[in-house]
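Engineer: Listed below, chain by chain, are the residues.
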Amino acid sequence: MVAINSNYNIPDFSLSPRIDQVGVEERAKRFTARSIKTTSKVNGLKLVLNMIDLTTLEGKDTEGKVKQLCYKAQHLHDAYEGLPTVAAICVYPSMVKIAKQALGNSGVKIAAVATAFPSGQAPRDVKIRDTKFAVDNGADEIDMVISRGKFLEGDYNFVFDEIAAIKEACGNARLKVILETGELVTYDKVRRASDIAMYAGADFIKTSTGKIQPAATMPVTLVMLEAIRDFYYKTGKMIAMKPAGGISKAKAALHYLVMVQETLGSAWMSNHWFRFGASSLANDVLMQLVKEKTGVYQSGNYFSID
Amino acid sequence: MAKTKNNTLKLDFKMEYAPAPESKSSAKINSKYDLFINGKFEKPDSKKYFDAINPATEEKISTVAEANNNDVNKAVKAARNAYEKVWSKMPAKERAKYIFRIARMIQERARELAIIETMDGGKPIRESRDIDVPLAANHFFYYAGWADKLQYAFPNKKIESLGVAGQIIPWNFPLLMAAWKIAPALATGNTVVLKPAETTPLTALKLAEIIQESDLPPGVVNIITGAGATGAAIVNHPDINKIAFTGSTDVGKIIQRATAGTNKKVTLELGGKAANIIFDDAPLDQAVEGVINGIFFNQGHVCCAGSRLFVQESVYKIVLQKLKDRLETLIVADPLDKNTDIGAINSKQQMDNIHKYLKIGLAEGAEIYQTHCNLPKKGFFMKPTLFTNVAQSSRIVQEEIFGPVLTIQTFRTDDEVIEKANNTPYGLSAGVWTDKGSKIFNLTTKMRAGVIWANTFNKFDPTSPFGGYKESGFGREGGLHGLSAYLK
Numbered sequence: 001m002v003a004i005n006s007n008y009n010i011p012d013f014s015l016s017p018r019i020d021q022v023g024v025e026e027r028a029k030r031f032t033a034r035s036i037k038t039t040s041k042v043n044g045l046k047l048v049l050n051m052i053d054l055t056t057l058e059g060k061d062t063e064g065k066v067k068q069l070c071y072k073a074q075h076l077h078d079a080y081e082g083l084p085t086v087a088a089i090c091v092y093p094s095m096v097k098i099a100k101q102a103l104g105n106s107g108v109k110i111a112a113v114a115t116a117f118p119s120g121q122a123p124r125d126v127k128i129r130d131t132k133f134a135v136d137n138g139a140d141e142i143d144m145v146i147s148r149g150k151f152l153e154g155d156y157n158f159v160f161d162e163i164a165a166i167k168e169a170c171g172n173a174r175l176k177v178i179l180e181t182g183e184l185v186t187y188d189k190v191r192r193a194s195d196i197a198m199y200a201g202a203d204f205i206k207t208s209t210g211k212i213q214p215a216a217t218m219p220v221t222l223v224m225l226e227a228i229r230d231f232y233y234k235t236g237k238m239i240a241m242k243p244a245g246g247i248s249k250a251k252a253a254l255h256y257l258v259m260v261q262e263t264l265g266s267a268w269m270s271n272h273w274f275r276f277g278a279s280s281l282a283n284d285v286l287m288q289l290v291k292e293k294t295g296v297y298q299s300g301n302y303f304s305i306d
Numbered sequence: 307m308a309k310t311k312n313n314t315l316k317l318d319f320k321m322e323y324a325p326a327p328e329s330k331s332s333a334k335i336n337s338k339y340d341l342f343i344n345g346k347f348e349k350p351d352s353k354k355y356f357d358a359i360n361p362a363t364e365e366k367i368s369t370v371a372e373a374n375n376n377d378v379n380k381a382v383k384a385a386r387n388a389y390e391k392v393w394s395k396m397p398a399k400e401r402a403k404y405i406f407r408i409a410r411m412i413q414e415r416a417r418e419l420a421i422i423e424t425m426d427g428g429k430p431i432r433e434s435r436d437i438d439v440p441l442a443a444n445h446f447f448y449y450a451g452w453a454d455k456l457q458y459a460f461p462n463k464k465i466e467s468l469g470v471a472g473q474i475i476p477w478n479f480p481l482l483m484a485a486w487k488i489a490p491a492l493a494t495g496n497t498v499v500l501k502p503a504e505t506t507p508l509t510a511l512k513l514a515e516i517i518q519e520s521d522l523p524p525g526v527v528n529i530i531t532g533a534g535a536t537g538a539a540i541v542n543h544p545d546i547n548k549i550a551f552t553g554s555t556d557v558g559k560i561i562q563r564a565t566a567g568t569n570k571k572v573t574l575e576l577g578g579k580a581a582n583i584i585f586d587d588a589p590l591d592q593a594v595e596g597v598i599n600g601i602f603f604n605q606g607h608v609c610c611a612g613s614r615l616f617v618q619e620s621v622y623k624i625v626l627q628k629l630k631d632r633l634e635t636l637i638v639a640d641p642l643d644k645n646t647d648i649g650a651i652n653s654k655q656q657m658d659n660i661h662k663y664l665k666i667g668l669a670e671g672a673e674i675y676q677t678h679c680n681l682p683k684k685g686f687f688m689k690p691t692l693f694t695n696v697a698q699s700s701r702i703v704q705e706e707i708f709g710p711v712l713t714i715q716t717f718r719t720d721d722e723v724i725e726k727a728n729n730t731p732y733g734l735s736a737g738v739w740t741d742k743g744s745k746i747f748n749l750t751t752k753m754r755a756g757v758i759w760a761n762t763f764n765k766f767d768p769t770s771p772f773g774g775y776k777e778s779g780f781g782r783e784g785g786l787h788g789l790s791a792y793l794k
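Chains as they are written, first to last, in our numbering: chain A, 1 to 306; chain B, 307 to 794.
The shape of chain A in the complex, shown without the other chains (with noise of 0.2 Å):
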């Protein structure tokens, strides 16, 4: 085992905290009654634009889209000044190279998707090397997907193990962990998961991949945020939370900034602590600024499509 964990115990992770459904989806939908107005709103949504991982996690990526996406990155509408970049750029470990090109000393971060994203159905020394080719690329954050085989079938050690194995092939690189949330399915599975992250060796747990339906939805977000918190209690380890896949509108990432603040606090809103995986919510965060500068909406054709 790896000396992360030689701080605290180890739980029985078949104890994880129990969670209740119908609460938790009561308490989620209750951040989106906030009312997120004027100046808090401009604050928030350029908040939320920094938070971003741009993401392009397709076969069909090529040298030329990775290029294009990664100007979106640090240009995200020049009309429009003062705004942020994104806080990293998602691609395969293939594109980690010519990323780390295009984004020169930007401060844009990058992140490669390794451990034979998106199934993980690999075995352990092909994900390791995976990730090695990914760091030694110059990726700055892996994010690894967890065997939601081996989960499913109580194998809690395995998950483990290979979620501190491949934080040790990390290196100085920060470790995502992918827990494909629309998966595991059950709250409970969710938070089992959470914690079996945390306590291998995670720095940001993830929810999903982008590839299943459902992907993040706030109640499993709450969820993963509130099992963050108990690891803090415990530990005095503060660690980053990403929801990914399907948060595709301003409104609902203000909302994501909203729960973050009330369960985290402030000390969490940074993109170092919380980051949105979107390909389409970065247009939207721009027509909603923009809308606030002007008081008119524009239409889609304004705003750049990378």
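Careful: at least some of the hints might be erroneous.
[What the hints assert, rightly or not] In silico DSSO-like links for lysine-lysine, alpha-carbon gap of 27 Å or less:
#, chain 1, residue 1, chain 2, residue 2
1, B, K330, A, K251
2, B, K765, A, K29
3, A, K37, B, K334
4, B, K330, A, K41
5, B, K665, B, K726
6, A, K29, B, K742
7, A, K41, B, K683
8, B, K330, A, K237
9, B, K366, B, K689
10, B, K742, A, K189
11, B, K630, B, K684
12, B, K683, A, K291
13, A, K29, B, K630
14, B, K630, A, K237
15, B, K644, A, K46
16, B, K380, A, K29
17, A, K60, A, K100
18, A, K291, B, K330
19, B, K765, B, K752
20, A, K293, B, K644
21, B, K623, A, K41
22, B, K644, A, K37
23, B, K623, B, K742
24, A, K234, B, K683
25, B, K745, B, K623
26, B, K330, A, K37
27, B, K683, A, K37
28, B, K399, B, K354
29, B, K662, A, K189
30, B, K623, A, K189
31, A, K211, A, K150
32, B, K689, B, K662
33, A, K251, B, K683
34, A, K29, B, K689
35, A, K60, A, K72
Keep in mind that the hints were calculated from the coordinates and are not lab data. The structure presented is a predicted model; accordingly, all values stated were derived computationally and were not measured.
Mind docking chain B on chain A? Use the hints.
Structural biologist: Only chain B this time, still in chain A's reference frame:
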């Protein structure tokens, strides 16, 4: 080694929400309201009026007539006349049409009613908009549906209405309580004289306007305003057949004495001091949320509020930490702001009463925890409060405070907590939080309370009966039970 550092979150709201106030423009409040008797607004015989205050600003928002004995006589006479000549003779399906119409009109004017409810009583607009007003409409809809089906509701029973019902309602849910009272009375063919509380008469008077517009025959519903003396005149009136009261246990006892030996049927829904019990196997985050809703809903001005929290000792520390963190995120502010979680205390008098209990608690040696939020400068506002280090023998544990104040005790075993939860003169409601179904059933059969919520709290529905044991009163409102209270 496990670290047990005392890590605290910084829930300090760096990202403040900009004000999002609901506009008052769609709510029309008259500068003066008369008594609604026999389908018309009439000047009071007393010639006296009292002020309606917005507790969030301490400003006068209207003046309201004070009914004296003569006014009560007039209202009862109108109700009797309407009962004898019109309402009791009308086919039930025709009665239902009027009740449905009132329900629809409440929905159509929901926004206006919500704003006025919030301005008059101080409750957050989120609650009046999402809970009070929709539930009030639902009560009318539900009972309208029963009006022509009473034979099926009570098979083998001769359906006979009582006559004139005198109804006295409290200030915590003004419109909703009016709906709870009026809807079943009308559905069963009774006529009504209703008195809203003197601090919150405006939505009942708005309801009077709706009733007038609905063309309900004059005198079927009469709404008269006033304080305790007006209520006493209703209770003591010889031509009233039924008294329905919701309010304090003290007044309930007075009514019980006054009606003893008369022919009046009585239902009383009085105070409470509900136990909310968290077992160590409960989903703790959801339980904490339920505890927060249980005690801070409507500033704690709820007779069924979960004001006594019992936490199993093995999870006491973590539950307390979670409660305090959650408390810090509650927004106490202008009730008309859509982001407000906790609004204004209903009146100066109630504010003083709650402060009295805070002092008692401190004198008893209890530990107090209050949030660090800022309170508005004007208006009757209070910080949500937790008391720990208390016992069954503490007065703040025994007596109803009716404010945003929660006492927290610990327990070890199931039997112990059942005994402690029942060890109170009240018995209106209770809550239990556990992952185990068998524990829920064991507890609910042994708890002496009218409503017991499992893994939730403060859920209301027109189909579900509501009422108390012991000093929390008798009789049930809501559901079929609520209908039978208005039948012979």
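Engineer: Could you work out which earlier hints the structure fails to respect and list their numbers in ascending sequence?
Structural biologist: 8, 12, 16, 21, 24, 28, 29 and 33
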